[in-house]
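K.L.:
Now for the letters of each chain:
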Amino acid sequence: MTTTPDLTAEQRTDAVRTALAQADPGRHRKDRVMTVIIYGAFVLAMIPLVSLIWTVLANGLERFDWYFLTVSMRGVFGGMDAGGIYHAIIGTVEITLGATLISVPIGILTAIYLVEYGGGMLAKWVTFFVDVMTGIPSIVAGLFALSLFAFFFGPGIRLGIMGSVALAVLMIPVVVRSTEEMLKLVPNELREASYALGVPKWLTIVKVVLRTSVAGIVTGVMLAIARVIGETAPLLLTVGVIDSINYNLFEGRMMTLPVYVYRQYSQGYVPCNDPSAVCIEDINFQRAWAAALALILIVMILNLLARLISRYFAPKLRG
Amino acid sequence: MAQRIDVKDLDIYYGDFLAVEGVTMTIEPRSVTAFIGPSGCGKSTFLRTLNRMHEVIPGTRVEGSVEMEGVDLYGPGVDPVAVRRQIGMVFQRPNPFPTMSIEENVLAGVKLVNKRISKSDAADLVESSLRGSNLWEEVKDRLDKPGAGLSGGQQQRLCIARAIAIKPQVLLMDEPCSALDPISTLAIEDLIAELKQDYTIVIVTHNMQQAARVSDRTAFFNIAGTGKPGKLIEMDDTSTMFSSPTEKATEDYISGRFG
Amino acid sequence: MSTTAPPTGKARSRSASGRAGDRGMNRIFRLVSTWSGALILATLAAVAIFLVLEAWPAISLGGEELGEQISWFPEDTSIITFVGPLIFGTLLAAFLALILATPLAVGVALFISHYAPRRLAQALGYLVDLLAAIPSVVYGLWGILAFAPIVYPVWNGIAETLGWFPLFEGPAADPPRVMATVAVVLAVMILPIITAVCREVFLQTPKLHEEAALALGATRWELVKTAVLPFARSGIISGAMLGLGRALGETMAVLMILSPGFLYSFAIFQAGQQQTIAANIAAQQPEAPPLGVSALIATGLALFVITMAVNMAARAVVARRKDFSGAN
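Protein chains in written order, with my numbering: chain A, 22 to 340; chain B, 2 to 260; chain C, 209 to 536.
Isolated chain A (complex conformation) (with noise of 0.2 Å):
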């Protein structure tokens, strides 16, 4: 080692001081590297996504005004200066809400029966195909939908309540995931007290588990929501376009707000021959901009709701 007994108080300390300084000039430039190696990529992360938002917000405020949210495509052609989203806001709630009211039932009721009954071959086998569920791609619930649709109404069918099908195929698993973490957060202990002074289980499960796990629920159904609110390819596939207004899920296409930022954009730059007429080249690519402002405002909201309840309103149960 470094010093011996013998060595004179002086020595000692120079040895000593030797060993405390940065003793490995290799080590300490490896970890520079790699410190300046993380920030890189994550400025280099941040450079599209912070381009992303800025261009949707640059390109999208343009547009984006009351007139835009309160008015459909209904009559608007060519490079008029006109035309809004109304129609496409109404299926998105109108479809999304559909979804809602199918999986929210189907995925809570799921997840207590797998936290409060489960623990047979059923469970086990729920368990796996809520998992395989998960990983099942949007494109492949819009064509389920398409296919139960088309076996009993015949091809060619395109309604509102096919594309709640679709979303809801995507939402039940991530439903029931996020209810099951929240059941199992609930103590046994409360349960037992429940059971104690003699409630029955189902009453047990509805008064006492739901009731203390309820905000923890809520936001991740509405996480849920926000991640299937913006799915664009099963809506296409399923609901299809619409320029009107159209409030009935269960007649006819709906718009809705993904697929009409993609609409907009595939109809391109509109040719502008007529000089005295009001036409604006890029018109359709305005409205999709602010369309996907509106798309990803609402998310965002969904998001920061689902936050705020499950920080205000979350039983301490972990602390």
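To be clear, the hints were calculated from the coordinates, so they are not data collected in a lab.
Heads up, the beta-carbon is just placed ideally off N, CA and C, and yes, glycines get one too.
Incorrect hints may have been included.
Derived lysine-lysine pairs resembling DSS-like cross-links, with alpha carbons at most 27 Å apart [unchecked claim]:
id: 1; chain 1: C; residue 1: Lys433; chain 2: A; residue 2: Lys51
id: 2; chain 1: A; residue 1: Lys51; chain 2: B; residue 2: Lys168
id: 3; chain 1: A; residue 1: Lys145; chain 2: C; residue 2: Lys433
id: 4; chain 1: C; residue 1: Lys433; chain 2: A; residue 2: Lys205
id: 5; chain 1: B; residue 1: Lys141; chain 2: B; residue 2: Lys120
id: 6; chain 1: B; residue 1: Lys9; chain 2: B; residue 2: Lys249
id: 7; chain 1: B; residue 1: Lys146; chain 2: B; residue 2: Lys116
id: 8; chain 1: C; residue 1: Lys433; chain 2: B; residue 2: Lys9
id: 9; chain 1: B; residue 1: Lys168; chain 2: B; residue 2: Lys197
id: 10; chain 1: B; residue 1: Lys146; chain 2: C; residue 2: Lys415
id: 11; chain 1: B; residue 1: Lys168; chain 2: C; residue 2: Lys433
id: 12; chain 1: B; residue 1: Lys120; chain 2: B; residue 2: Lys146
id: 13; chain 1: C; residue 1: Lys415; chain 2: B; residue 2: Lys249
Covered by chain C, according to a simulated footprint, are these stretches of chain A (three or more residues, beta-carbon under 8 Å) [claimed, not checked]:
id: 14; region: 51-61
id: 15; region: 68-76
id: 16; region: 142-150
id: 17; region: 162-176
id: 18; region: 305-319
Following the hints, put chains B and C in place on chain A, whose structure we already have.
P.N.:
Same frame as chain A, but now just chains B and C:
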């Protein structure tokens, strides 16, 4: 390979909160120094300042000096990473790396400095370190098995082997037996008695019998109340501390009247 | 659930309300939740059955009839030779995106968990979660209208200097509606997803092991290398697989950016080379005749099988490393 540590007027802060105030002490080489005192009195915090491990928590800082053979550990030109190589540490709960085998665990610290250590050197070092921590006979047939598969006491001795494999000057032990059963505790205490031939050892313990059994000198820390800083009340030879302490508080604590 | 099954569920308590109390509402509630679980199995079975049913006409017919009845169907091919290049394109796009995104995501997650100041880290974590929720159609719009117009010189430069490598074969197409652009946009898209998973896992690294590494005199990078990364390995793999699954099934970004082709081609800077299953379905379905839809559904089945295989593989990888995992 054992060094003296001189602490002068050390104050330890968490942000603006003064956690430990005005500690001055000398830790003798090749001896065991025990820190005792009630919970929250700052003895573990103080221990961590001896190898600058407290800096892991953001916002902590110290005033005063900790000198090893006259070199201030907090002085300019001193690298905390180098300090921790000279002053090793064993924690309250055994913490072998779960993804590594027993052998890899022992070599973990050495591999940081010397990646190209030869196979035979590595094997020798593993054996000597594990022998040094009295674990060799128990694990020599399963060096490639996960370290997490050992019993708690064995894991703790594996952690000691890992700490001494990098040949530090000083070994800090933060309640090394508090998570262990009595038999494993005894094994660790025997080991401490052997290790002090080569190392300066500082041990924090809640167990006064343990302090009396293993240490040569004992320091008693106390705290006046919540929110007040912890202080070093007195420090002396262990036999003196346990038979005729100077301070009333020390006597009260040792005789079990509080804490 | 049967009464003979051992009570393995975590939150089960049968003492107060076992079989004896299983009457009335208790019974109804238990049956309803059990049936919900069964309904999920039924749904998944329905997905498989209906897809197969609807795909069957295209699978059973020969290539000749398919070619006659579907305008865009290549002649003299069977459904297998039709789906082959699509599978190739799908895998190529997804793996390129994964290769680009994973190292970057690990870096970003490490930055958030172990390098950034704590306050900043929290805000960044939130930002990453938000970015993970941005709809893919928005990424597509950004990719084609903002990113593609500026990237051509880069692709061209790579194609000119490294063109001997099959992947980078030139000449680069302008506008760059090519696989390379798609891969970058997909990578940007799955980056927040992989980052979110990795950050979670990195933050879960036990303090004990981090302290152990520091006490051995590890620098920050060595701490990451000895304590954090080994602990998080299976987490990184599942994050990457989640991203891969998302990239495999991604439709809109590919549909909006890529100029499609049906070749087994590695040329990622040339237009009209590859196409993915999902984008092909979305592109052809609106105008496809019934038999065409059937053929598209058959390709969808293939996509379903591929994503399932990826998920299973990920699970197997994670499970195999269990005995050396961080679970103590």
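K.L.:
State for each hint whether it applies.
P.N.:
Here's how the hints hold up against the structure:
Straight-line distance between C-alpha atoms of Lys433 of chain C and Lys51 of chain A comes to about 12 Å, which keeps the hinted pair within the 27 Å bound. For the hint pairing Lys51 of chain A with Lys168 of chain B, the CA-to-CA distance comes to about 23 Å; that is within 27 Å, so the pair holds. Pair hint Lys145 of chain A plus Lys433 of chain C does not hold up; C-alpha atoms about 36 Å apart against a cutoff of 27 Å. The hinted pair formed by Lys433 of chain C and Lys205 of chain A fails the criterion: a straight-line CA distance of about 33 Å is larger than 27 Å.
At roughly 16 Å between alpha-carbon atoms, Lys141 of chain B and Lys120 of chain B fall within 27 Å of each other, so this suggested pair holds. Restraint check for Lys9 of chain B and Lys249 of chain B: the C-alpha separation of about 24 Å stays at or below 27 Å, so the hint holds. For the hint pairing Lys146 of chain B with Lys116 of chain B, the CA-to-CA distance comes to about 21 Å; that is within 27 Å, so the pair holds. Pair hint Lys433 of chain C plus Lys9 of chain B does not hold up; C-alpha atoms about 36 Å apart against a cutoff of 27 Å.
For the hint linking Lys168 of chain B to Lys197 of chain B, the alpha-carbon distance of about 13 Å falls within 27 Å, and the restraint holds. A hinted pair counts as satisfied when its Cα atoms are at most 27 Å apart, and Lys146 of chain B with Lys415 of chain C qualifies at roughly 23 Å. Proposed proximity of Lys168 of chain B and Lys433 of chain C is supported: the alpha carbons are some 22 Å apart, at most 27 Å. Simply put, Lys120 of chain B and Lys146 of chain B have alpha-carbon atoms about 18 Å apart, close enough for the 27 Å limit, and the pair holds.
Between the alpha carbons of Lys415 of chain C and Lys249 of chain B the distance comes to roughly 38 Å, so the proposed pair goes past 27 Å and is violated. Coverage of the region 51-61 of chain A by chain C holds [criterion: at least 3 residues with CB-CB distance below 8 Å; count 8]. Only residues whose C-beta sits within less than 8 Å of a C-beta in chain C count toward coverage, and the region 68-76 of chain A has 5 of them, enough to reach three; the restraint holds. For the region 142-150 of chain A, the assignment as covered by chain C holds, since 5 residues bring a beta-carbon within under 8 Å of that chain's beta-carbons and 3 suffice.
Remark: the region 162-176 of chain A is confirmed as covered by chain C, as 9 of its residues place a Cβ nearer than 8 Å to a Cβ of that chain, reaching the required three. Using a Cβ-Cβ cut-off of 8 Å, 6 residues of the region 305-319 of chain A lie near chain C, which meets the minimum of three, so the contact claim holds.
Checked against the numbered hints listed earlier, the structure breaks hints 3, 4, 8, 13; every other hint is satisfied.
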